[in-house]
Amino acid sequence: MVKTTVQLNNGHGLHARPASLITKLATKYKSKIEMTLDTKTIDCKSVIGILSLGAKNGTQLVLQAEGPDASEALQELEQLFENDFGE
Amino acid sequence: MNGQIVQKGIAIGRVKWVKELQQVGEIKTDQPNLELRAFNKALNESEDQLAKLKAKTLESAGHHEAEIFEAHLMMLHDPSLVDPIKTLIQEECYTALSASEKIYNQTIEMFESLEDEYLKQRAVDIRDIKKRVMSLLAGTNQSLSDSNISQEEGVVLVAHEITPSDTLEMDRAVLSGMLMMTGGETSHTAILAQSLGIPAMVGCGSGLEALEEGTLIVIDALNGQVINSPDAETLERFKADKIKYEKDQEALKAFKGLESITKSGQSIEIAANIAGEEDIESVLENDAEGVGLFRTEFIYMNRTAPPTEAEQVDIYSRILKGLKGKTVIFRTMDIGGDKEVSYLNMGQEANPFLGYRAIRYCLREQDIFKTQISAILQAAVHGTAKIMFPMIASVSEFEQAKVLVEEVKRELKSQNVSYAENVDLGIMVEIPSAAILVDTFADYVDFFSIGTNDLTQYTLAVDRQNSNIADLYDYMHPAVLKLIEIVVTTAKEKGKWVGMCGNAASDPRMIEMLVKWGIDEISVSPTKVLESRKFIRQLD
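Protein sequence lines correspond, in order, to chains A and B. In terms of this note's numbering, the first sequence opens at residue 1 and continues consecutively. In terms of this note's numbering, the second sequence opens at residue 1 and continues consecutively.
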């Protein structure tokens with residue numbers, strides 16, 4: 001299992017557009033990919049799950065992945081956060 | 001019957017009720033495999049429908065609107081909906097309908113419980129998906145356009161809540177208006193009504209139940225009224241009004257992109273008054289040159305606790321970004337008087353308009369005030385913001401507010417938070433004392449904006465909410481005009497920027513005088529911008 005912490009810096013928080021980008025990316029991979037905010041953990045392949053976190057700008061999120069392509073998946077997700085979802 | 005107007009205009013048409021889903025409850029089956037197959041089939045059919053709707057919307061409304069259905073497509077197959085529904089069917093022998101109802105409702109409740117206003121609205125998306133899937137399962141999926149109503153007369157959609165799908169599945173050529181009982185969490189439908197230009201009102205309440213399917217009604221979405229079964233004379237009058245209104249609107253479009261300038265070359269900025277994010281579209285659509293009054297107190301209303309700093313930074317940033325560099329004047333919260341907010345515990349007063357309100361409250365409840373100032377300063381890096389204090393009567397009040405702004409800046413700096421250093425600070429001139437002392441104020445403030453609503457009520461001692469003396473309330477009273485003249489001419493002599501943001505600013509009689517006195521800006525309701533520009537361009 002691989003794990004990393006990212007910070008949300010896109011201004012609006014995790015709204016529809018960034019959430020759907022995460023989901024689109026996660027569904028490309030076979031691995032189980034999860035995201036945790038405080039005590040709540042959700043499946044990144046569910047856009048509703050991501051929205052349900054209600055993550056605001058500036059919050060820290062823990063990403064973790066388990067499976068054959070786990071590290072590639074995390075790397076790509078991390079990039080997405082670092083680029084502020086291309087906003 | 002009254003309602004809140006989301007798209008202005010007049011609509012005449014026959015009532016078409018949007019069918020509500022029947023409640024299902026918990027029903028078990030002894031053939032879970034059949035139910036599972038039915039659910040999968042409903043998902044596939046929903047997908048086809050949504051793909052078609054998306055393509056149609058792209059053509060009829062635009063990219064932004066089509067994205068609504070792109071989102072629905074994505075949520076339709078979302079594992080956090082589909083997986084638990086399938087589990088309920090397979091393991092607990094729920095029928096497909098019963099399982100869907102349960103899981104969709106849970107998800108709707110989850111979204112409604114979130115704090116973030118934007119995320120709350122996603123409940124509407126799930127409701128829309130729920131309706132689509134469950135109608136297919138129940139076999140009641142009748143397209144709204146299969147209507148037996150004569151389409152020549154046009155159709156007015158009426159419902160508890162109209163979803164974007166309802167709106168876009170209707171044939172645009174016959175859809176003349178929309179009425180909803182609920183309001184608030186309906187931004188999609190409001191945006192759609194606006195971008196399609198369909199007269200619409202929301203928050204009409206249960207009074208709508210009196211409207212029978214197929215009866216002819218008029219939606220007067222200029223005055224916020226619904227007329228049920230109008231007589232021939234009334235109908236003719238509204239038909240004429242409708243034609244005139246549409247013709248006038250069309251003619252005003254020619255003034256988009258033009259300068260607001262008199263024949264002799266004096267230019268006046270025409271800005272718009274807004275209450276929140278939902279007004280951005282309208283500001284851009286009507287080509288306002290900026291926002292002369294952002295009534296920030298609306299951010300504080302209809303909730304149970306004040307918005308947090310982060311929430312305010314988000315909202316203000318979105319507004320500044322959305323307005324693409326246009327200047328926004330933030331009026332700090334003007335609570336009290338006629339605008340009550342329960343959680344602020346301001347108490348009942350005998351004379352609330354003369355009482356503990358606006359800046360008087362903010363200078364004492366400094367935490368709430370500083371949170372707002374901090375949020376504005378942080379958001380201001382995304383555009384051009386100015387800050388304006390309401391209900392200022394004395395120079396010392398402005399000075400105290402300014403000290404707090406400086407304090408907030410120092411705190412932000414020490415925390416290494418980015419913010420805009422140079423934000424103009426001005427006052428709203430609405431208490432006669434500020435108008436009389438404008439000469440002194442000019443040495444302290446960066447700008448003035450005249451608020452005619454309060455200035456009139458305080459100058460004439462007329463409570464503007466007392467209908468017994470409504471005839472005494474007159475912003476064209478010579479005393480009010482004299483004060484306005486003093487403010488505008490003195491500000492200009494002293495080289496200070498001066499605008500007007502009250503209702504009077506869109507009255508042609510007032511505009512004519514303001515232009516003569518040399519005003520820099522008028523701020524009016526977004527829908528009055530083009531009218532005002534047309535008028536100014538006719539002045540010498």
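You may find that some hints are simply not true.
What the hints assert, rightly or not - Going by beta-carbon spacing under 7 Å, a handful of chain B positions derived as facing chain A: (1) Met74; (2) Leu76; (3) Asp78; (4) Ser80; (5) Met110; (6) Asp116; (7) Arg122; (8) Ala123; (9) Ser317; (10) Phe447.
Just so you know, the hints here were simulated from the structure itself, not pulled from any lab data. Small disclaimer: the values here were computed from a predicted structure and weren't measured. Cβ atoms here follow ideal geometry from the backbone N, Cα and C, with glycine treated the same way.
For the restraint on Ser80 (chain B), tell me whether the closest CB of chain A is nearer than 7 Å.
holds (4 Å)
Closest C-beta approach of Ser317 (chain B) to chain A relative to 7 Å, hint status:
holds (6 Å)
Restraint outcome when Leu76 (chain B) is required to lie within 7 Å of chain A by C-beta distance:
violated (11 Å)
Mind checking the CB of Met74 (chain B) against every CB in chain A and telling me if the closest is under 7 Å?
Holds, about 5 Å.
Closest C-beta approach of Asp116 (chain B) to chain A relative to 7 Å, hint status
holds (5 Å)
Does the nearest C-beta of chain A fall within a distance shorter than 7 Å of the C-beta of Ala123 (chain B)?
violated (11 Å)
Supplied contact hint for Arg122 (chain B), tested at 7 Å Cβ to chain A
Interface hint status for Arg122 (chain B): holds (6 Å vs cutoff 7 Å).
Closer than 7 Å between Cβ atoms is the bar; does Met110 (chain B) clear it against chain A? Give me holds or violated.
It holds, given that the least Cβ distance between Met110 (chain B) and chain A is near 6 Å, below 7 Å.
Per the CB criterion, is Phe447 (chain B) less than 7 Å away from chain A?
violated (28 Å)
Identify whether the interface hint at Asp78 (chain B) stands, where standing means a beta carbon of chain A within less than 7 Å of its own.
holds (5 Å)
Of the numbered hints stated above, those contradicted by the structure are hints 2, 8, 10, listed in ascending order.
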